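Number of protein chains: 2
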Amino acid sequence: MSARDSIKLLVPNLPQGHELMPRLLQMDARRVYTNFGPLVQEFEAALGQALQSQSPAATGQPSTVHCVTLSSGTAALELTLMAMNLPQGSQVLLPSYTFAATALAVLRCGLVPVFSDVDEFTWQLTPAIARDAVSRMDFSLVLPVATFACPFEGQVWDRFSDETGVPVLIDAAAGFGNQTVGLKTPVCFSLHATKPFGVGEGGFMASANGDLVAQVRRLSNFGFEKGQVVRLGINAKLSEYAAAIGLVQLDRWAGLQTQRRVRWQRFSSELTKVPDLALQAGFGLNDIPSNVVVRHVRAEQLRLQCAAAGIETRSWYCPPLHQQAAFREMPVLAYLEQQKLSQSEHLGQFTIGLPWHDDLTDGDITSISTQLQAVCQSPRTVRS
Amino acid sequence: MSARDSIKLLVPNLPQGHELMPRLLQMDARRVYTNFGPLVQEFEAALGQALQSQSPAATGQPSTVHCVTLSSGTAALELTLMAMNLPQGSQVLLPSYTFAATALAVLRCGLVPVFSDVDEFTWQLTPAIARDAVSRMDFSLVLPVATFACPFEGQVWDRFSDETGVPVLIDAAAGFGNQTVGLKTPVCFSLHATKPFGVGEGGFMASANGDLVAQVRRLSNFGFEKGQVVRLGINAKLSEYAAAIGLVQLDRWAGLQTQRRVRWQRFSSELTKVPDLALQAGFGLNDIPSNVVVRHVRAEQLRLQCAAAGIETRSWYCPPLHQQAAFREMPVLAYLEQQKLSQSEHLGQFTIGLPWHDDLTDGDITSISTQLQAVCQSPRTVRS
Chain C
404 MSARDSIKLL
414 VPNLPQGHEL
424 MPRLLQMDAR
434 RVYTNFGPLV
444 QEFEAALGQA
454 LQSQSPAATG
464 QPSTVHCVTL
474 SSGTAALELT
484 LMAMNLPQGS
494 QVLLPSYTFA
504 ATALAVLRCG
514 LVPVFSDVDE
524 FTWQLTPAIA
534 RDAVSRMDFS
544 LVLPVATFAC
554 PFEGQVWDRF
564 SDETGVPVLI
574 DAAAGFGNQT
584 VGLKTPVCFS
594 LHATKPFGVG
604 EGGFMASANG
614 DLVAQVRRLS
624 NFGFEKGQVV
634 RLGINAKLSE
644 YAAAIGLVQL
654 DRWAGLQTQR
664 RVRWQRFSSE
674 LTKVPDLALQ
684 AGFGLNDIPS
694 NVVVRHVRAE
704 QLRLQCAAAG
714 IETRSWYCPP
724 LHQQAAFREM
734 PVLAYLEQQK
744 LSQSEHLGQF
754 TIGLPWHDDL
764 TDGDITSIST
774 QLQAVCQSPR
784 TVRS
Chain A
404 MSARDSIKLL
414 VPNLPQGHEL
424 MPRLLQMDAR
434 RVYTNFGPLV
444 QEFEAALGQA
454 LQSQSPAATG
464 QPSTVHCVTL
474 SSGTAALELT
484 LMAMNLPQGS
494 QVLLPSYTFA
504 ATALAVLRCG
514 LVPVFSDVDE
524 FTWQLTPAIA
534 RDAVSRMDFS
544 LVLPVATFAC
554 PFEGQVWDRF
564 SDETGVPVLI
574 DAAAGFGNQT
584 VGLKTPVCFS
594 LHATKPFGVG
604 EGGFMASANG
614 DLVAQVRRLS
624 NFGFEKGQVV
634 RLGINAKLSE
644 YAAAIGLVQL
654 DRWAGLQTQR
664 RVRWQRFSSE
674 LTKVPDLALQ
684 AGFGLNDIPS
694 NVVVRHVRAE
704 QLRLQCAAAG
714 IETRSWYCPP
724 LHQQAAFREM
734 PVLAYLEQQK
744 LSQSEHLGQF
754 TIGLPWHDDL
764 TDGDITSIST
774 QLQAVCQSPR
784 TVRS
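Protein chains in written order, with the numbering used here: chain C, 404 to 787; chain A, 404 to 787.
In case anyone wonders, no lab produced these hints; they're calculated from the structure. These numbers were taken from a predicted model, which means no experiment stands behind them. Hints are not guaranteed to be accurate.
The list treats identical chains as one, so a pair stands whether inside a single copy or across any two.
Each computed SDA-like pair below joins lysine to any residue, with the alpha-carbon atoms no more than 20 angstroms apart [to be verified]:
1. Lys587 / Gln464
2. Lys629 / Ser718
3. Lys676 / Arg666
4. Lys587 / Leu615
5. Lys629 / Leu615
6. Lys629 / Gln752
7. Lys411 / Phe439
8. Lys411 / Trp667
9. Lys629 / Arg731
10. Lys411 / Ser772
11. Lys676 / Gln776
12. Lys629 / Glu732
13. Lys587 / Gly613
14. Lys629 / Trp719
15. Lys629 / Gly751
16. Lys743 / Ser538
17. Lys629 / Gly756
18. Lys411 / Pro441
So here's chain C without its partners, still in its complex pose:
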């Protein structure tokens, strides 16, 4: 990298125009562009198979993973919440350290978000945190997030539901490739361009429960059944164009994953050279994070150093949701007052998102690591 070039934070890697051509020619011949067309059906089946094959053949894995594609990951959350028929006004437990869409979907379904803190090491709402919460308050649902694609082991939330009687929906927005689908707990994914597996705008829900998937599909088409609206749905269908992109992206997926694993190995090993730096825990050996986010007490200095060196960074989830204007006034404060959300607040302040994309070279990775190390070695830096 020359001194004048910047290292970008995020560069989506979607199919090139010429790669889409065979699918576009299919569409030219069919003249079908939406309304559960053949490419959407093919894409949904392929996503189900991919999730199926990612799941180890063990007890507790569904025999079939059903998928329904939607206009966005947020729509996937919203329509799945609707399909789960939770009592209006009931409380849903979710982490404060996450993207706003999780809470917005809850609110738009007439449910009340109650923000929990996250685990110090996995940065997630864990079953242990949720067990404590459900022993103190009533919840109709727990909505954990596979933060930065860090997956939950397939059955932990199924077991939680069995033990507590409280249903769970996993928001695995960026987690396709890492997050598997259990026997009970549905999982929502985003297909947004900035996700590891993207189509532009889109999302999907995956579940072992074919009926739930069928209900979400109906809700995504205005709630129509046999020509009449039977439930108050919206239009959240994925177009054939988006499905075409998804199918081509699926063909590229294994190759992308292989590259990314190699790059992530190199990057994480470089980062061990930076004193006092902590990575998010909980990724399996084959898992790849969606974003490279590091925790450091001198995060602010790291940010400034990177900016000066032309390295783009981002502060994710800062401030955490319970401190944002739209959520601050929500009737969730009773719970917040009982339990401080110290990890969420700390992570918002003391993490830094580093460049992470398929154009990142070995040289870029070395540069990033070198800049971070420089901050820690600087005599002017007062250690906290």
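The hints should help you fit chain A onto chain C, whose structure is shown.
Below, chain A alone, put in the same frame as chain C:
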């Protein structure tokens, strides 16, 4: 047409894959796929200019038509209703003879739909009907529909608002090309593949009010402003792919319109040969309906005759919304009991949607007309 071929009801006419290629190459170079990208911005500006140029240069036409693209026409309605800040639980007047999305958007914003009947000739909720309704009940909004793309004259609803103090939002779902934008009343359009101007899935809102458009844009991106959620939005952004298709479709638009005007002239003139047949009134000389729907006391016989001859037909909006399962139980019946929705019920039963698309040949049009005439001339048919 050979006896074995059928005449399809609807065949979307979207750009061919090769026509999209120049735009896809732009995307390959930019690597931007959503989040208000350059193609979305270009598409929104081009839509605004198209609407501007369609408006006659007369008093009451806005100097600039602002547009915001969205994931669907329904999302356009829903987010515009949100941006208009109507009191929660207030009543919105809309026609019963329309597609369910109009009422669903109202309900999902916490507003109460009150169904009105439609005009005998234009099949629409007209200013005259709305004036009567607002004199009898309180409404926070009137939501008329440009049914089958039949437009409202630019200023009639602006005048209605001025006179009554009740704001109006026009649902012009299929009306791009016919419906203009006035000084006050925002207009929502669908870009669904089955509309005259489609991109697959999508929609947009157009208004002279740039602030309203900016608010809807913010709501379409989770309600974010300067990195924090300030209002409870959703993700309803249009992808760069969809904008690319829209831009190519805009390039084809003038040509499509010219063809369709010639075809519509031929079709409407053929239909005058069918006794007792009524067309929807209210279209201007240059306007083109989105669907060819005819009213006939023997609609059921016409449907059977067409089916036997391999001509696809559809019954639109049958039953009308106030008779559909999801809306029947709504707290709107107080109004319905005061005023029968006889036109909506009659139209649901006695209209028939005929084939209408760009593949329809002169021969097809003659065949359709001939079949319809045969029913009316048949001695076995008892005239009502």
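Verification of the hints:
1. Lys587 / Gln464: within (9 angstroms within a copy, 57 angstroms between copies)
2. Lys629 / Ser718: between (48 angstroms within a copy, 13 angstroms between copies)
3. Lys676 / Arg666: The answer is within: 16 angstroms in one copy meets 20 angstroms, while 72 angstroms across copies does not.
4. Lys587 / Leu615: within (11 angstroms within a copy, 43 angstroms between copies)
5. Lys629 / Leu615: Within one copy only: 18 angstroms inside a chain, 37 angstroms across chains, cut-off 20 angstroms.
6. Lys629 / Gln752: between (52 angstroms within a copy, 17 angstroms between copies)
7. Lys411 / Phe439: Classified as between: cross-chain Cα gap 19 angstroms, same-chain 37 angstroms, threshold 20 angstroms.
8. Lys411 / Trp667: Close inside one copy (16 angstroms), not across copies (53 angstroms); limit 20 angstroms.
9. Lys629 / Arg731: Close across copies (16 angstroms), not inside one copy (43 angstroms); limit 20 angstroms.
10. Lys411 / Ser772: within (15 angstroms within a copy, 62 angstroms between copies)
11. Lys676 / Gln776: Close inside one copy (7 angstroms), not across copies (85 angstroms); limit 20 angstroms.
12. Lys629 / Glu732: between (42 angstroms within a copy, 19 angstroms between copies)
13. Lys587 / Gly613: The answer is within: 11 angstroms in one copy meets 20 angstroms, while 47 angstroms across copies does not.
14. Lys629 / Trp719: Between. Shortest inter-copy distance 14 angstroms satisfies the 20 angstroms Cα cut-off; intra-copy 44 angstroms does not.
15. Lys629 / Gly751: Answer is between; shortest inter-copy Cα gap is 16 angstroms, intra-copy 48 angstroms.
16. Lys743 / Ser538: within (17 angstroms within a copy, 54 angstroms between copies)
17. Lys629 / Gly756: Between copies only: 18 angstroms across, 48 angstroms inside.
18. Lys411 / Pro441: So Lys411 and Pro441 pass the 20 angstroms test across copies only (18 angstroms; inside, 37 angstroms).
Of the hints listed earlier, there is not a single one the structure fails to meet.
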